[in-house]
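**Q** Fit chain B to the known structure of chain A by using the hints.
So the chains spell out like this:
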Amino acid sequence: MSRRLPKFVLFLLILSLALVACGGQQVVEVTRVVTEVQTETVTEQVEVTRVVTEMETVTEEVEVEVTRVVEVEAAKAEPIVIGATGPLSAPGSVGGGIAMQFTAQLAVDEINAAGGIMGRPIELVFVDTQGLPERGTAVAERLIEEDGAVGIVGEYHSAVGLTMIEVCHERHIPCVFSETWNDNVTAAGYAEVFRVAVTSTLVASQQINWLDSLGLEYIVIIAENTDYGVPASEAQVSFMTERGIDSDVYFAELGTEDFLPVLTRIQGGERTPDAIMVLVTGETSYNVEQQMAEIGLAPTEETICVANQVAINAEFWDNVPDGNYCAYLRVGLTPSNYNDITQGVDDAYRAQFDRPAPSYALATYDSVYIMAEAIERAGSTDPDAIIAEIEATDRTLAQGRYYFPYGLNNPVPDDQPAWMWHQWPDAAVVMQQYFEVGQDPDDAAVVFPVAFQTHGTALIPFGTTP
Amino acid sequence: MDNMEPAQILLGTILWLLVWGILGGIRTPNVYRHKNLNPDGTRGLGILAGMLGGPILLLPLWYFTPVANSKMSAGISILLLIGLYKVFALYDPNNLCVTSFNYVMNQTANGLQIGFIYALMAVGLTLIYGIQGVISFAHGQHYMIGGFISFFFLKWMTETVGVPVNPLFGILVAGAGTALLGLLFEPLFLRPMHQGQIERPGEYAILVTFGLAFLLENTTLSIVGPFPQKAAGYLPGTGMVSLGPWMLGGFELGPLRLVADRLVAATASVVLIGALLFFLNRTWVGRALRAVSMDKQAASVAGVNPLRMNTLAFAIGTMLAGMSGAALVPIFSWVPWIGAEAAGRSFVIIVLGGLGSVPGALFGGLIIGLVEAMGTACFPDPTRGLAYKTAFGLVIFALMLLFRPTGLFGRKES
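Residue numbers (our numbering), protein chains in the order written: chain A, 22 to 487; chain B, -14 to 399.
Be aware that a few hints might be false.
[What the hints assert, rightly or not] Pair ranges (Cβ atoms, derived):
1) B:K140 with A:D461: 36 to 46 Å
2) B:N151 with A:A335: 17 to 27 Å
3) B:M232 with A:G289: 20 to 30 Å
4) B:Q182 with A:G317: 54 to 64 Å
Derived by calculation from the structure, the hints in this document are not laboratory data. Using N, Cα and C, we set each Cβ at its ideal position, and we do this for glycine too.
Extracted from the complex, chain A is given alone in its bound form (with noise of 0.2 Å):
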């Protein structure tokens, strides 16, 4: 027994390796246990439909159990495959794929309850990517061969983005991006390509407007190494460059945990920058902004500190303790403006994750929406005919009004950038500014444009209160 007992737990142990290392298929295995139980209360529907025709005459009860009816014939088709993807491991950004996982979830166990798409539940299959390029390719074709997605929707690294792309293409299937910023993703014009999401450029011409209109000389980049800070910090320095905006980017590894050294090499430099720009996601932005800040270098009076997009969530403060003063861009709606869908899904997300769903969850959500109404308004799962109906969108959903202004039928013009294909045009771009320690961010100013300014400026001193 003694003997056995090691080896047994071993057994145990590489199981649940070997299950961590699937990552994606795990999530694959569970989702088709909740379907085989759908399917199984198939039998129940006589009992059901007996139930409804015993209390006819109350009729809030007959609406609910028709409802269930109505779900139960939607199990007992053949379920539509929906892949979806986002990091739920290293060195991806974990916390953004499993905050997508969980929307997209969400939006489909609504759709359906409502009775899912053309009489048919929709199967969410949502796969690790790692944030790595290379596992971009592989989800994506697992996603199509193995799984028999009929659309793909989400994923939060441009890099994992770029290789996706490709194989949507080829595999000729819809894919609707949620967080991939990178101005390639819609600029290649490929007929499959939507992104829900805002770009690179958007963001970088937005940021540029407010720090061009604090006339600001000397500004020093912070950029991680990948396809999202790279391309990103470019757009800037070439919007700098147009503005006569003197730049340096400073590049770092996804992960890299001790900045001091080259933070001290910018505060020793021989000019002090106007502004510092953290083009790093996740915890790794954390640290870099962190660190500038305890060796006094932004926020001060002479550096703002223009924080990454991440700055809003409510793990900040815990991360950022000194990060008072740091302003940063906010992608989606203010809660001023959310409407009762965008309310809905914040509210079951603070009840998973005590927390503001951040934009990249909203848009998620939609996309899966999106996806599955326009596979409903099809009437079939052809790819042709969803991605005309995609085009087709016109919907309110989470993160407002969405449609796609350019597309087969309306191509990009000559005076419009090439991402504009299949791009959602309309996200919400404001940048935003802390003014107390732990202060919420919805309470934080809204510095920029100035049509938004909560508190008549376009810029809070350090250390004084507006």
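**A** Okay, now just chain B, sitting in the frame of chain A:
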């Protein structure tokens, strides 16, 4: 020289180092053998002499064939470093590492601080290897768990008990927690290997510690979630501390400006490494551990139970990893996957220092800390310095494998 372009200076230097280094490394041992002299250590000496002086040093070396020793190699290495610094100053005269001694001093201090913390973690790994002959692939995860134990202990004390405590106490609690993990894991999974119950112990040790790493990381992820956490600082609100200015002869070196929290963490690491060295060298149990690492059978004859020492070594190793994590949780944002990079760095450090050597791990940690800091701070292209940070350490690692495969303090297999 003044008329040469910086790029030409750099290219010329690299070519010089390569050509004469390779020639010295190949020819020197052959010359010693040809004269019926002991060629041990002459390859490294030849490489260094070739790189420093080319034919000016190699020809006398081959003619006089002096006995190669570490003092000679060290002397040539120092001269080589000075020479390289001069070339660097010619290549990039505006670099802060050339123009500001205070900058160099501060970066050195930063590198040493982080190096001590690296060393604390690596010492645990090398201790496990030294006693058990096992590389623990779960070492990074013990480091991660130590950070989380400290974080949640501090949070609990603040929010539930209502008595905020300094993160230094978190280091102790994390040490106890991770030691307990080691005490549970080793008898269950590694002891059968030492009792001859496992057919292929080498592969088994890799698999079982690798499996443990996955288990710990994913269990932690499901418990604490993916969102980054960070403990309050050791000295909240202090930011930087300024020490000095210092005087060297009549020369003012300027103040040392250090991040207060890092200084405390590095000091705690030094104290813990000191305590470990005291334990290993001055206590009976510590000596017993060292005896087992040298010769298990002889230690058994002297009344030491090797199985218990294995368990103790593993527990101390995991404890040190956990304490290292706990020391850093007020400094870096903490996530369940943070251990992977730290573990990789520890492997580099212990190979650099010599597998199984505690002083080697200490010096290895300091070298990697220094090289990463100075490489990032001095790299000619400042915008790329940080992106190459890990590569700087790996270059040193590769050079060590080339010159001295057993590491700084490693023992040759008999």
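**Q** Evaluate each hint against the coordinates.
**A** Now for the hints, and whether the structure bears them out:
Range check, K140 of chain B to D461 of chain A: about 20 Å between beta-carbon atoms, so the 36 to 46 Å window is missed. For N151 of chain B paired with A335 of chain A, a C-beta distance near 25 Å keeps the hint of 17 to 27 Å intact. Restraint check, M232 of chain B to G289 of chain A: a C-beta distance of roughly 21 Å satisfies the suggested window 20 to 30 Å. Between Q182 of chain B and G317 of chain A the beta carbon distance is about 59 Å. The supplied range of 54 to 64 Å therefore holds.
Checked against the numbered hints above, the structure breaks only hint 1 and satisfies the rest.
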